[in-house]
Amino acid sequence: MLFRSTHPRRRRAVGPPGTGRSFAALGWLILSIGVLSGCATYHQQNIQFHTAIAEGRYQDAVDFLETHDRDADGKNRLLYRMEKGSALHLAGHYLESNTTLEEAYVILEEFQRNYALEALSFITNPAIVPYPGEDFEKVQIHYYKALNFTLLGNISDALVEARRINIKLNQLNDRYEAGRKNHYGSDAFAWTLMGLLFDASREYNDAFICYRNALDTYESSYSADYGLGPPDRLILDLMTAAWRTGLTSELEQYKARYSVGWSPPASRTGGSDIVIFWNNGLGPVKTEDSVNFTLDRGDVGFITFVSEDRNFFLPVPVGGKDTNSLRDISLIRMALPRYLERPPLYCRATAVCNETPYPLEKAQDINDIAFLNLHDRMGRELGTALLRLAIKQGIERAVRKQDAALGVVVSIVNAATEKADTRNWQTLPHDIYYTRIPAAPGPCEITLERTTVSGTTDSVSVRVDVSPGRTAFLVFHDPDSLPR
Amino acid sequence: MTKLISLCASLSLILCLAACQTAPTVQRVDTMETIDLSGRWNDTDSRLVAEEMISDSLNRPWLMSFVEKNGRKPAVIVGTVINRTHELISTDTFIRDMERAFINAGSVRVVQSAEAREQLRDERADQQQFADPETAKRWRRELGADFMLQGVINSIVDTNDREKVIYYQVDLELTDIETNEKVWLGSKKIKKYVSRY
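For the protein sequence lines, the chains are Y and W, in the order given.
For the first sequence, the positions run 2 to 485 when our numbering is used.
For the second sequence, the positions run 6 to 202 when our numbering is used.
Keep in mind the hints are simulated off the structure, nothing from the lab.
Note that the Cβ used here is the ideal one computed from N, Cα and C, for glycine as well.
A hint or two may mislead.
Said to hold, decoys possible - Derived, one-sided and incomplete: chain W residues facing chain Y with beta-carbon distance under 10 Å:
(1) P29
(2) V86
(3) I87
(4) N88
(5) R89
(6) H91
(7) E92
(8) L93
To be verified - Derived pair list, reagent style DSS-like, types lysine-lysine, alpha-carbon separation capped at 30 Å:
(9) W:K193 with Y:K169
(10) W:K78 with W:K142
(11) W:K78 with W:K196
(12) W:K169 with W:K194
(13) W:K142 with Y:K169
(14) W:K197 with Y:K169
(15) W:K197 with W:K169
(16) Y:K169 with Y:K76
(17) W:K169 with W:K193
(18) Y:K169 with Y:K363
(19) Y:K169 with W:K169
(20) W:K196 with Y:K169
(21) W:K196 with W:K169
(22) W:K78 with W:K187
(23) Y:K363 with Y:K256
Bound conformation, chain Y alone:
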């Protein structure tokens, strides 16, 4: 049950004998159905898919989604395509991955809030509305699409994704400037990725703009919010892009400010190199958390919802004959979403090319972004959950006044439908690392040496063909997480 009443008489059935028992039985039936079908989190509902991803059985994960496509339409259609798009990418089906992620992009572009469904969510739960996607997830769609295009050797279409990221980041920035409390107002890694793509297409001026915006974001936001400073590789690429664009004064400023050992490359027009991404671990999953609130009736005309666990206080004005229902409540339990981290098995990696090691640097911490993002809006989540609870309580009271037995049914249904929205894109990596390796044209063997948190190392090698004067892209995925 969501709440306990301090007035037992209000729970007593006053309808005709038998009617109450029938309604109660019906209520318990609904409750049972709710428990059996609806209480599982999104992760638990798709456990076979997520287990396959976590174990590196990517094709199995794709096959599972293709045979279990109940979410392909309806409220989870965006999430279905996000998960399927990344699973297809992991399985090496880059074209199909892009087709699926493009559908996700179109869904987001055409996404409109369904206010009626949102209203309905106040008497059921927030998981009934179409999944709108987290801001950082929307940006990640373009990361995967850009990776797919680069791996297919199509840099011009990868640049389309770079421009879409730019539009998305501008929208984010506008919202952030408009005063909404949100740490994720820009994405340093997305700017870096855009810079890498423009760099690869030899558009050094645009690459410079992106690298500089990335550096600004790392220094102004990521360092403080996620403890993630700018990678040295970014600063080196920024200086090279400035040098190639002819931005001499900017180059001198950066040389004076950063001691990263930059020296001019052999070619002003760009040589051959390899950009390596390492998607390490798996991002967090959302789960449900029960939060207990006690009611403080200290102030006249106000009731304060207090959660000492979460250090949360919400005063709600009460008064008038119809609001006394809140005064009946002494303890409230409500469901709120919470992220659960999946700590990665590996903590660092080094790419080795021709016996020269190139350490990969962390450029994105999706886990930390997700946690802080949810924390930023937890006030809104709590407010919404309380409003939902108040509305449910109001409905129950109205029904109970007419028919006490039916009131019991409503109470049970309310309890059965109360749950948090536990949906999120769960195949995203925990962190993203990258580096750039200068390489001679022709076939090249790259070995990725990975170190686990316990200090053991292992490695994996791949061959990559480098074209003269081109940038080759290489992606490693390690979904391995520490056992929970």
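Given chain Y's structure and the hints, the job is docking chain W onto it.
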């Protein structure tokens, strides 16, 4: 019971509305219409720059001086327009407008850019091998440019919580390729105030 019926009716209405979703509204608008949404560089800024630069470059003495001295129209090639702002700005839009105005006015000839020339040379090389010799185009007949158009875009952004002033300055210059002499300098300044109150 009335309350209960009202409640059920409300729920039914919500369920019906939930099933319907409105489609986005799209309408064609005049490309000359100024629509500012964010304060960032947009099509209107590009148009303002193009108008200013076209008018200025075609009405300055460099053009008449060249024609009087050489008895022909000058040929111009577009070099790099460096973007020093914090935004990704496509300079192609106003540069293309300028090229079109030069050609349509009939007073300035325009030579292809370095990248496009490479593609054209590839095609010419291909023609030497595969095309009918009577139609294959000859080498060493390219038009050498007299002037190069180069430029830079700068911006200054001043901001507080909810207000922002953005200043753009686009500077273009035309340089004699043989003598390195600057023969024309064009500038367009745009200042915007953005408020989010």
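Results for each hint:
1. P29: OK, holds: W:P29 within 10 Å of chain Y, min 6 Å.
2. V86: This interface hint holds because 9 Å falls under the 10 Å limit.
3. I87: holds, 6 Å
4. N88: holds, 5 Å
5. R89: holds, 7 Å
6. H91: holds, 6 Å
7. E92: holds, 7 Å
8. L93: holds, 5 Å
9. W:K193 with Y:K169: holds, 29 Å
10. W:K78 with W:K142: holds, 24 Å
11. W:K78 with W:K196: violated, 36 Å
12. W:K169 with W:K194: Measuring from Cα to Cα gives roughly 17 Å; hence the hint holds.
13. W:K142 with Y:K169: violated, 47 Å
14. W:K197 with Y:K169: Holds. W:K197 to Y:K169 sits at ~22 Å (cutoff 30 Å).
15. W:K197 with W:K169: holds, 8 Å
16. Y:K169 with Y:K76: This hinted pair holds, its Cα atoms lying about 22 Å apart.
17. W:K169 with W:K193: holds, 20 Å
18. Y:K169 with Y:K363: holds, 22 Å
19. Y:K169 with W:K169: Within the cut-off at roughly 20 Å; holds.
20. W:K196 with Y:K169: This hinted pair holds, its Cα atoms lying about 24 Å apart.
21. W:K196 with W:K169: holds, 10 Å
22. W:K78 with W:K187: holds, 18 Å
23. Y:K363 with Y:K256: holds, 22 Å
This entry does not satisfy hints 11 and 13, going by the numbered hints stated previously.
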